[in-house]
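J.: Kindly produce the complete structure, drawing on both the sequences and the hints.
Order-wise, the sequence lines are chains A and B. Each residue of the first sequence is one higher than the one before, counting from 1296 in my numbering. Each residue of the second sequence is one higher than the one before, counting from 3 in my numbering.
Certain hints may be false.
[As the list claims (entries may be wrong)] Straight-line Cα separation of at most 25 angstroms, BS3-like style, residue types lysine-lysine; simulated pairs:
1. B/Lys72 to A/Lys1352
2. B/Lys102 to B/Lys53
3. B/Lys102 to B/Lys72
4. B/Lys102 to A/Lys1352
5. B/Lys53 to B/Lys72
Quick caveat, the hints were computed from the structure, so don't treat them as lab data.
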Amino acid sequence: DSGVTQTPKHLITATGQRVTLRCSPRSGDLSVYWYQQSLDQGLQFLIQYYNGEERAKGNILERFSAQQFPDLHSELNLSSLELGDSALYFCASSDRQGRDNEQFFGPGTRLTVL
Amino acid sequence: GQQLNQSPQSMFIQEGEDVSMNCTSSSIFNTWLWYKQDPGEGPVLLIALYKAGELTSNGRLTAQFGITRKDSFLNISASIPSDVGIYFCAGPPVNFGNEKLTFGTGTRLTIIP
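T.: Structure (structure tokens):
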């Protein structure tokens, strides 16, 4: 158990809909990262937040957005969903004070868009 | 974008055999990380390397940070059934921001009964 929690575990929705994925980082970690893993694809970095502020952006679509709240949990919002958005979405956290490259991953949310 | 190439792409071995895999990049890395992912689960950090030439062990796993800083290697000795999974290398390329990890293409390890 990495200490990172994600909800929900599974999500099934239809094209055009909007969903919100939630992540709670390890206790004390200030950085939260979001990744997308499609079938037969590696992990693609989407976005990073540090202590409530956006720190880095990767290949995140304009239809996707994220935020980190004062209690450090984060949400990833996916809107106008398309079939191709079906994937595993992972959240990771790291300790900025220590080895901040060592990211610890949650169990993921499996999104299925029908 | 940045890409880490892992080889082999897949491995089929018998229990008890040793395993070697590697990861190469065209860019320099200051950190190399090795993760293992089981089906439907999140990646689990196995080993972190921070210095060129560094050799670090975690039980039956040993990883090395290549001297050129453009590659890394992972060895698993005396494989057991729970070693099955996908192994990813990862790191923050020097020119792409210190915390943004790039992941390798993965090596899928299967143990033949």
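J.: Could you check the structure against the hints above and give me the numbers of any it violates, in ascending order?
T.: Going through the list in order, the structure violates no hint and respects every one.
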